[in-house]
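K.L.:
In case you want the letters, here they are:
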Amino acid sequence: MNRIFKRLASLPISFYCLLLILLPLVYIFFLSFLKSDSYGGFTYVFTLQNYLKLFDVVYLKVFAQSFFIAFITTVICILISYPFCLFVNEKSKMVQSILMTLVILPFLTNSLIRTYGWMVLLRKEGIINTILLNFHIIKEPLSLMYNNLGIIIGMVYTLLPFMILPLYSSISKIDPRYIEAAKDLGASKLTIFFKIIVPLTVSGLFNGVLMVFIPCIGYFFISDLLGGGKLMLLGNLIKNQFLTARDWPFGAAISIALLLVTYLLVRIYRKSGGEMDDLGGL
Amino acid sequence: MESKVIVKLENVSKSYGTKNVVKNFNLEVYEGEIVTFLGPSGCGKTTVLRMISGLEPVTSGKIFIDGKDMNGIEAMDREVNTIFQSYALFPHLSVYDNIAFGLKMKKEKKGNIQKKVKEMLKLVNLQGYEKRLPHELSGGEQQRVAIARALINKPKVLLLDEPLSALDKKLKKQMRVELKELQQKLGITFIYVTHDQSEALSLSDRILLMRNGSIIQLATPYELYEHPKSKFAADFIGDANIFTGEILGVSKGLANVLIDDTFHIILKDDGYQKGESVTIVIRPENMNVTTVNKEYNLLDVEMKNYSYDGAYYTVFAKSSLKKDLKLLLTKEKFANIQNKKIWKVFFDFDDMVVIRGNK
Amino acid sequence: MQHKILKNLFIFLVFFFLYLPILVLVVFSFNTSRMNIVFEGFTFDWYKVLFENRSLLEAFKNTMIVSLVSTLCSTIVGTLSAYVLHRYNFFGKKLIVKLLYIPIVIPEIVLGISLLSIYTLMKLDLGMFTLILSHIAFSIPYVIISVKSVLTQLNPQMEDAAKDLGANAFHVFWNVILPNLVPGIISGAMLAFTLSLDDVVISYFTAGPGSNTLPLKIYSMIKTGITPDVNALSTIILVFTLFILILVSIKQMRKIKKEARV
Amino acid sequence: MKKIVCLLLLLFLVTGCSSNNENVLNVLNWSSYIPDEVIRAFEEETGIIVNYSTYSSNEELLAKISSAKTGTYDLIFPSDYMVELMIKRDLLEKMDTSLLENVSNLKEEYLGLEFDVNNEYSLPFLATTIVIAVNRDHVTDPISSYNDLLNEKFKNNIVLLDDQRIVIGMANQALGYSMNDVNATHLDNARDWLLTLKKNVKAFDSDSPKTFLITNEVDIGVMWNAEAALALQSNPNIEIIYPLENGALSLDNYAIVKGSKNTENAYKFIDYLLRADVMKTIIEEYPYINVNMETEKILDSSYLENPAANIPEEIIAKNEMVENIGSDISKYDRLWAEIK
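Chains as they are written, first to last, in our numbering: chain A, 1 to 282; chain B, 1 to 359; chain C, 1 to 262; chain D, 1 to 340.
Excised from the complex, chain A in its bound form:
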């Protein structure tokens, strides 16, 4: 009976891992070495062509663009999240928990709808431009979307809580006596921040970096809606390979490259002392 229970109970998770995680990834890996034929399928011929294609200047450019957007987004998220979390952490426990709930709340609503809200705000004749024009702050409407700025606003907005939450959780764990001790020893505010707070929250920080940087590369819908389809990101490129160009092997190769980047970031996160269980928790 006990053995049977153990066997039965371990079946679902084994099947799940095998069929829905391992198999798809192994298959994608396998696909990435196949030769694609024009318009459609692939032939079972081994080739490295798909990986060589990644080094074509055109596609390197797409990588560069994606990482640039992801990098800028991550930096902005960090710049907002650190002071925000530090200031919130100074409030009473009750206020803190209310504020953190308020951070999560918007993200329980549909992300596309929120993105649409930004479209209403950022359009040439949208709310922001209208207000600025009416108050004669600007003479010409600003270009706030259908460019990189729009993409970055959208990405920062969508991903900000993934930086705030892990950072807040590690900041709130800092023993306030460390900071008092540092003050007592005559450290300036900047020194306290860089020499005490940052080192103590480094795993939370990398958790945030991981959870912002990686999705940023793949969120094709934000660059579609707020970027006006002008900037091709890796997400769009992969999507095109699978849904329009139908070059699955090449799409698979890009995905594998993306997985490598992800793996690298996870390694850095683990090195910084982060726990896998702390990832992705809203």
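Fair warning: there could be bad hints in the mix.
[To be verified] As a list, the in silico DMTMM-like pairs of lysine to aspartate or glutamate whose alpha-carbon atoms are at most 20 Å apart:
no., chain 1, residue 1, chain 2, residue 2
1, B, LYS170, B, GLU130
2, C, LYS94, A, ASP278
3, C, LYS94, A, ASP277
Keep in mind the hints are simulated off the structure, nothing from the lab. Source: prediction; values computed, not measured.
With chain A fixed as given, assemble chains B, C and D onto it according to the hints.
P.N.:
Then chains B, C and D, alone, in the frame of chain A:
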């Protein structure tokens, strides 16, 4: 009258990988007695208990309960029950449901269960607590629920794994008495695990002293205290002044032992060989302060410090020996020495326990 | 003092940033103007339009089915698995523990396309089934982590006690462990449900005919022009989420108060 | 509580499965192509449930058809060159026109075209051509050809279709080549031309370029005629320009997917869409180029007088069509990635 053997361990060993936690354990526990496994933490006493209960499989050897070989029989099917160190009450179940748990697992009839739980609640003095949840009870009450939950299954042996360690000192003493009374009332065999020697001494019929997975000594509390068979036993049970020395010579039924190269102790001869190592144990309460001049076994000492606990004075004294001496003195005796700088201690033959060897 | 004002101002600005687009949508869902620029007059028309949009309601129904079914399945599998991984050692466990983090860290798009490829390979119809399967695929790890965090806090002797009292492995899990996991299970299920409700990327690749979900529908609505009924829809979703959140927090408050009394 | 949840789930499952019954039709069509009410009326009339999904490019359609299991989709609406490709790849079922009562309504000139000479696999649904729409409220400069769009004044002021064949074809035509040119040097020139134009492009959008014009996001748009017609309806100051270049014509067609399980229903739906009055409803909602003779007779003036809807025949006559270019498509793919 020879009692029936209820639990028997034959060459039981347990190892995790290459680490041997329990080594060649042999033990017979008689029906109706309280046997205590005593030893420092990590000595393997809890492991032995868990092997008896079936929560831990044996690596080799056999365990018999009531004559039946327990090999291959799981915890759920053994007629023993355990009271855990943290009680392990089910936090989501009421007192009633906690106590009824074992019977429900055996699929007893509802009416039966109700009746038995009621009896148990009465036994442990918790009538009216049926609907409470464990976190609404005090430590002592939780303890009693744990006892009731185990006893309701009418186990042949009750295993208790440090059951009192979570309680404060006063409650501990009270529960000790309650446990003993309960055991006498029900006549169930207790196997009791503790690292607290005073608990072991006051509760047990027999104490099994363990160290590093092996049995050091199995004896009644009196035997163990008065006649420890090893230095470890002497040291672990109660306080003791322990001296190690070498037999210099034997003559006229007396043996001469040299301690720390300075002090000679004369013992009654017990067939000692010249050059043999011996350990001499003297309990603090057996250290005699004397004003009479004896010819031997007199040591000049000087008071270092003392403490008073209400009944006795505990005195630490300096002498020519390396280790300080510890003495337990009555008020009168203490008054005698209080103002003297140097005074004498006499080692009587009858007060010294001699352990051959220096282990 | 001045510092404090500046700090509060910063906090306020961050919240302003977080709530601005939502506020805009709510306000303009009552605006008679189609263009969303100036508030011309108050109307409920867009709500009426919304409830006449059959394909949108269809998408809503699909979303609810997918989210509920996938949440139910992933909660059951996730809870059982968290316990199995915590309690037992079995062949392949080490690998499984590592694999579990993959759906959390890899880009959603990679998970989406790899699932799509595997469905094509296995000749599965793209539709509700594949959609639910995909949602289960990305939800399970979140449930496991959430349940695991409660599991590790349980008294390990509790399980021994149950066995000692005659419970078999199934009874130990069902009667003793499971009831104590409820908080972890609930928060895991809530997380799975919200993730599933809002998923765009993975659904984009694994949905088929007749399985359009709300996020996909909204995506195409946004892409095909300005439609104030989207505002109305988002307001409804927002109010709905708020309602649930308030319910949950009231329940939690009561629990905290009750515990405080004891 | 548990029971209620279970019941709810059961209910959902039952209602979810009920749509899996026999009488369905799985349609895969362009977004914004057939109004909701037309489909509802068909469902009411026949009791057939239409599962309607959309795509926004021919390539996406092809990808969906080839990756989905056979029998997933019944009726699709591929454009000309895609019909040819799909015939070659054996993705289409032969069409039995005898089952269609209203097939005689179709205009001759749209039948028997090169991509499916005998209309064995496809029948025309709607046609569309590319026009330039200019908001004359803000732009006064004369515009008559694609090359005029390179004017530096139009910085960040143009919306183009997010369609590589059409946009690259535009560049080819502007440079005097055929829109289907695959010559490497010609394509290099096309790339340079497009990179220059890109400075003026605010967005690439196939789904709703009209929105950009209507919201004054941009003042110039190169788009399908129906989009332009709708923009014109909401802003009469928009001028519709037929480009000096040959321009592009695209013909979208009914086609039944190989292995379809509901062919009978597909024919019923095609026949329904071929009715004069049904097509009138469609075309008035989405003013594309009408290919139905009988519909022509009953069209309202609002359609006939809209220069973006009622396209002169000589314009259509000189339009080029997108052709299947085989493996040279990879050159287009790369060029597309290069300009984005």
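K.L.:
A separate judgement is required for each hint: does it hold in the structure or not?
P.N.:
Consistency of the hints with the structure:
no. : hint                  : verdict
1   : LYS170/B <-> GLU130/B : violated, 26 Å
2   : LYS94/C <-> ASP278/A  : holds, 19 Å
3   : LYS94/C <-> ASP277/A  : holds, 15 Å
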